[in-house]
Structures are given as C-alpha cells and as structure tokens.
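Line by line, the protein sequences are chains A and B.
End of the first sequence sits at 463 in my numbering; the numbers just go up one at a time, nothing left out.
End of the second sequence sits at 463 in my numbering; the numbers just go up one at a time, nothing left out.
Heads up, a few of these hints could be off.
For identical chains, the list gives no copy identity; a pair is met inside one copy or between any two copies.
[Claimed, not checked] For lysine to aspartate or glutamate, the following EDC-like pairs were computed, each having C-alpha atoms within a straight-line distance of at most 20 Å:
#1 K367 / E229
#2 K367 / D221
#3 K435 / E409
#4 K265 / E381
#5 K15 / E104
#6 K367 / E250
#7 K15 / D59
#8 K10 / E154
These are calculated hints, taken from the structure and not from any lab test.
None of the values given here were measured: they were computed from a predicted structure.
Number of protein chains: 2
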Amino acid sequence: MALTPEELVKRVKQKVVPSGEERSRLAALVGKVVHSLQEAVAQRKVPLEVSVQGSYAKDTWLAGDVDIDVFLLADPSLNWDTVQTVVFEVSYALCKKFTARTRERYAEHPYLEAWIEGVRFNFVPGYLTKPGEWRTAVDRTPYHTEFVLRNLTEEQRDEVRVLKAFLKARRLYGAEIRFQGFSGYLCELLVAHYGGFWDVVRAMASWRYGEVVAFTPVDEDRIRRVFPEPLIVIDPVDPRRNVAAAVSDETFVRAIHAAMQLVEKPSLETFGWTAVRVAPVAVLDALRRRRTGIVGIFFDCANVVPDVLYGQLRRTLRILRAALEERGYTVLQTAMCGEEGRCMLVFELEALSKPAVRLLTGPPVSKPEAVHRFLERHLWEFAPQPVARGGRVFGVLPQPWRRASTIIEAIIRKSIEGRGPLPRYVTQGLRGGYKVLEGEDVIKEVRQRRCCLAELARLLGSA
Amino acid sequence: MALTPEELVKRVKQKVVPSGEERSRLAALVGKVVHSLQEAVAQRKVPLEVSVQGSYAKDTWLAGDVDIDVFLLADPSLNWDTVQTVVFEVSYALCKKFTARTRERYAEHPYLEAWIEGVRFNFVPGYLTKPGEWRTAVDRTPYHTEFVLRNLTEEQRDEVRVLKAFLKARRLYGAEIRFQGFSGYLCELLVAHYGGFWDVVRAMASWRYGEVVAFTPVDEDRIRRVFPEPLIVIDPVDPRRNVAAAVSDETFVRAIHAAMQLVEKPSLETFGWTAVRVAPVAVLDALRRRRTGIVGIFFDCANVVPDVLYGQLRRTLRILRAALEERGYTVLQTAMCGEEGRCMLVFELEALSKPAVRLLTGPPVSKPEAVHRFLERHLWEFAPQPVARGGRVFGVLPQPWRRASTIIEAIIRKSIEGRGPLPRYVTQGLRGGYKVLEGEDVIKEVRQRRCCLAELARLLGSA
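Between the sequences and the hints, there should be enough to build the whole structure, so can you do that?
The structure is reproduced here in structure tokens:
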C-alpha cells in the first residue's frame, strides 16, 4: 500500500523510536553500571575515564535493539598492556557482581561483551586523546558522539532511526566486511548533512559514483583522488578519514536502487519491512519459481574474527566464481554466511551443468577463405559435422564437460592438499570436512540455520 | 586405419563395382523387359522410343544398388495426355505379364515404379526433342547419358562409383529436396571434368563459395550473377542449367569438410563407411554423452510428393527454430524425416528449459549517468536486486519462462486452429494428432523407425 512520505515516516517512527518506558529502564540500568564501574576504577587509582558512547549515548538507537557501549578511556601516559589489563579486570569484576554472561570479542582491538539484565554491554578500552593524536581506532568515538549531540536536533535523531531502519531492512546496514554497508555514524552524518530522512533518501537516489559529502568546503576532484571508494563522507572529526569507506560498489548501487524505489513508491513494503519471507518453504518455492540452479558449500571454519572470516569467504567466492565462469557457467548471484564458524557459500547459476558440446559461430559462407580456415582449424573436432544456415557456417564442437559442483569440488580438494588457491582459514575449515550440495538440498541443509536461510531468502527474493 | 589413396580406392571398388555375374543377370533381365516393351509399343503403333537411361545405362551404378530407368520417349507431335496414357497402359500391361508389384510415383511428372524379379524399374514418359527444345524435365536425360558414355572411360566410370559411394556414406548424395545433395549426373560430370575420384576430392577440398565448373570457357563472374548457388556446374547439354542447383550451403560446406578430412586421412572410417552406428542403444548413449536436450515432433502427414513434403518440413523446422531462438534457446542442430507420410522433426538444444531469470549486463559503475538510467529503467524489475562486481553493474531480471516443448506446442496449436504459421500439409498432418517428446523419449519413439533413427544417429554422431 502506497503511503505519503510523511505517513510512512510516522508509521516507521512508531516502531523505531524507543518508548518512555524503554528509556527510563535503560537509563536506570546504565546509571547503575557506569556508577559501579567508576567506583571500581577509582579504587584502582588508574587514570581511566568511564563514558557511554555509541547509539545509546547519541540517542539514535532503534527501539528494542540497543547495545550499550561503555568506553574506558586511559590517559595517554599509560601503556597499552596496562590499559587492557585494568579494563578487563574491572569489567570482569563488574560482570561478576551483576552475574552477567560475558565473552571477549575483537574489533580493532579486544573488548568485553556482557549481557546484563537482558541488555548487551560492550566494555571497550581506549585512550583519551586530542583530535589527530589518536592512539587506537576507538579514540575518535567520543568526538563522534560529541559532534552528533551538538549537530542533531531531537527530531533529527528520530530521522536517523528511520534511516537506519530502512538500510537495515534493505540489508545495507553495517560497516563490517560482512555487510560492506552503512555504519550508524554514517547515518547520523547523512541526516546532519541533508536534514532529515527524506532529504537523505532523495539525495541517495541521485548519488553518482564518487559522491562527496563534507561539512566544510573541499576540492572534490582532489578528494576523489585520495579516496577510491564510490561514496566519500569526510569525517568532521578527522578529515583524513572516509566514514563511508566500507560501502562497496555493490552496496552503493543497491542503496541508490533502494532509494529510487522508495522515492517512487513510499510504502512499508518498499521500505523493506515486508519484502522477504525467510521460511524454508518460501525459499524453496522461490528457487522453484526462478528455475535457476544453486550450489552451496558448507563447512566449519576456525573461530577467527568475523572481519577476517568474511574477508576470506569473500575471496573464496571470487576465486570459485572465476573458475565457474571460465568453464562457461553464468553466475547470477552469490551469497555467504559465517556465524559461529559455520560457513556457507552459495552460487546461483543459470544451470547446474552444461552440455558436452557447444555451438561455435563460424564465418559467412560467402567468405571462402575464412570458411576454409574455419573448417581446417576444426577439421577433426566437429561433433559430428559443420552446419550452415542463414548464410553462415557453424560448428558443433565438443567441450570438456563438468558439473558446477564438480568444478568446485576439484578446487577444494586441491586446496586441501595444499596446492589450491583458497585462503588459509577457509582451507583449514575445509580440511575438517565439507559438503557441496545442489538445488533443493542446499535449502534442506540450512533449514535450521536462521542466518544462512536469510541469506538464501535475500538471494532468491522469496516473497 | 589409414590407407594410401590408391589402396583406399581399390578397397572401395571391391565393394561398389558390379561383378560379372550381376552385370549378366541385369543385362538379361533388362533385355527381356525392353524387348517386351518395344513389342507392346509397336503393336499400339504410337511413335514412342523405348530406351534405357540412368546409372545403369551409363554403367555407373553401385553394385547391388541399381534402379533401371526405362524411358518411353514420344515424338513431339503427340500431346502429353496421350503420351502419359499410352506409357502407363503399356507399362502396366508389362508389369502384369512379369507379375510385378507397382506404384505410381511423381517427380517432375508421374511415372511408374515396378519391382521385377527383385529389381526396381522406373517407366518414365517423356519427349524425344532436340537440345534446347525440351518439353519435359526428363527430355535432357538421353543427352546426359550420351555425354557420359562419350566422355568417361571405363576406368572413370568406376571412379564415379567410388565418388557416389563416398558422398552417400557422408550423407551428401541425392538431389532431392530431402537431401539437397549431389546427383548421380553431377558425380559423373565432376569425374569427367577433374579426371578421377581423388582429383575430384582434392578439388572439392579447396572449393570456394561460388565455385564454377564448366566444360567450355565461361565468364565466371557473369555465371555467378546468373546462378546464386554455392556450387555451379554448367550442364554441357544445356548451358542454362546448373547441375549442382540442389547443393545447399550446408551440403557444400559439409562436402568441403568431408573432402578435407579424406585428403588428410584416407581410411574407410573417414570415407564414412564405419562412422555412424544406428542402433537405438548407440543413439541413446550418444545423447547421454553429449548432455544436450532433444525435442522431437511426431505426426502423420498427407501422402504428398516427397519434394513437397520435405520442402514443408524444412520450412517448419525454420519457423520453429526462429521461435526457439527468439526465446533465448540455442539450437545446435536440426533433423527431419518423412517416410510413408510418417514425419519426425528434431531439434538438438543446449538445454530443454531456461531459468525464469536472466543476467543483464549494465554499465560500468564509473559511468554514473548510465548507471542511473540502468537502475531507473529496471527499477521494479530486478529479481531481487541489482548486483555490482568487477566495476560493473548487473541486473538479475525475470524473463517469461517456457519449456522448449511448450513453445513448440503453442505454435502447433495455433496452426491447428488456423491462426499459425506452419505450412499446409504439415498443419493437415498435425490435425490428425501429434506428439511433442523430449530427450530419451524421442529415441524410444523412433526405436522401430529405421529412417528416423538414422537421422538421429547422424545428428548425434553416434559411433
């Protein structure tokens, strides 16, 4: 159902702006945790400042979907080992006190994830530095928070929420290498720059490759020479940084496409909220309706940092796709998924196998020398005879025949034996066992794996 | 096994040159028939000359494979109705006397076919005319016979036999529209012109489109403007006639190919005598090895003259092929067969069905205006989303999906209802019932039909 742009935003805000109840519950919890942490730090007598960052601090989180990022920022005089040790000690102690489930994680550097009263907290070590003197990748964050708080009105923060929800629904959200999409901070900057949700969407619909967004006047041509990415959003906190560096060509094109669609037909469906059904039966049905072939590769992978894992999965997709295309297969789309070390790679192909002959177009019959060369070149290859029609010579020629899955399996086996092109962690994972499945067997395999099924649903557009 | 050219010809001659026993048996039989016919004509007192023509008269028939063409040539003063009536009357009377099985047939005009003592005779009416004053298409024949007898030595007549055997084995023999190949007279002229079998084959291997063969000096460029065919052999008996008019582009190219192969590797296999196995199991095996899809159309057709039937079958193949190609199917080869009104048309395809989506290549990501137009043009068509890779935008788009056999059936149904493009006799035949079969079902269907199975064997090169 088409809605007015205003009506659509109103409907989305009803879902994504947190209620007063959610706000006060989180405020009480965060206050308690921060206070407790501050006390622990004070007891230790180390120069560490406890501060809340991220979407919670910036008041741009989506209702019911919040991480609380608690930064513990050290004086630059402290060495990094000490900082990490102290931050983890006080964080673990706090978690014990709150009987929280914890897990050490790693982004640019290690941090502690903890579930306290059903809410996810991240305890992140860093330094308190002046702009431009960053010591770690997170040291910019307090300045980002400050910029957003100073530059966005309350209304604009809700507009950020709508933008995030849109990009999330259209699978364009998340700066991790897995998604190669828009970060939360990028969304905030876009709203700050363009004004509101619709201003961003309308701008996005007319973005051009090498689009530059900046908060101070810049020489765009020079900027484009510095940053090779399709979208360049200069960080107001650090002009040497492109906040949109993670946005890939693919994401850029799909974002323009999604924005164009939303501008032309504002509706909850176009927004992306009702587009894809993830049930196995819907995915199966979509595959049958498309009449394409899918090949899936399944294996368990070393438990490495998601960015490394996804980087290697992406490279694997690229290598296998090239091998398939070299053999004449048309790869329509690809998908990947790697949660908890369980990996899936999927290719959507026009067909799962090829004939063992192919039609080669020869010269026109009226070009005798060319016909002669054509016949001579393939003298013993025709299968069985040359053909002429429409004034042209053709040849049916044999071609080495292999199923798509067989081509993939050969590369996997080679890599397992140490002579193949696949990257390290993927090869390690494959050594532990793998499956190469075709067609509906792929869907059967992922029936129980939510994230893989969602990837297939996206790929096949099951609706 | 490779042989020397001389050895190969020797081996073939052992099979195709008639024995003394065959010759004397035929001489006795033909003498008896002709004598009897002459007596009958004499009794009628009509000016009709009985003469033996064709490969028997020219001493160029293949051992064990001979028709005796008996021409009854009238004085030009007789009208055609009378000629036909008298010829059929005396021929029928003769056949009764010899208790022969008979059948009326039709080439350029009607004639009577009869089996006498196991040998096929054709009793053909015509006129005895001067060169250039031809009244019927067969009136040239006595002059052809005379030319061959005068211009070919005994040895050359055996060379003609080898040439015929080669073209027959490679399915290039027969000037009927069904074969679009080399006639017997054409073979005789080629040997007369080039000298012997190997001279013809070597010349053939280097033929060029618009090749001209003449027995008197000619202006080749002018000749090519008059005759549009790929091979032009001027009839020494009638310079306005191209003896090779039946040779199609396809036959011409395949003849060059076959000749090139034979020159490069003289062997019985290359000659074509051991190339194709026609057993259903061999054909099935060939289909499985090729991994292509075949679609066969089966129906019974009005019992029309073979040339008309094959002309219409050929046109039907052309119409259906165009329809398949329009829908994105790759037609590798086609075949047809129509014996005793039982017709088969076959398409060999890369695949029997296509996916319901296709990959459309868009512009490079670095051409922003083109990307924009591409996204706008297909805004709601992508299935589900545009793709970008290798610096280029792609779109997976839905395409109307229909099996190859469904496309064919739709055209057949339309034609049956009188709104379709298929030719008259074919449509008439289809009205009586038809089958459209796929893959191995086609082979099952023709298991019992020798001629169709041979066509499939040729198509798939089953060996």
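Hints, one by one, checked against the model:
1. K367 / E229: between (49 Å within a copy, 14 Å between copies)
2. K367 / D221: Between copies only: 16 Å across chains, 51 Å inside a chain, cut-off 20 Å.
3. K435 / E409: within (9 Å within a copy, 41 Å between copies)
4. K265 / E381: between (55 Å within a copy, 14 Å between copies)
5. K15 / E104: For K15 and E104, the Cα distance exceeds 20 Å both inside one copy (32 Å) and across copies (88 Å).
6. K367 / E250: Between copies only: 14 Å across chains, 45 Å inside a chain, cut-off 20 Å.
7. K15 / D59: within (15 Å within a copy, 97 Å between copies)
8. K10 / E154: within (15 Å within a copy, 102 Å between copies)
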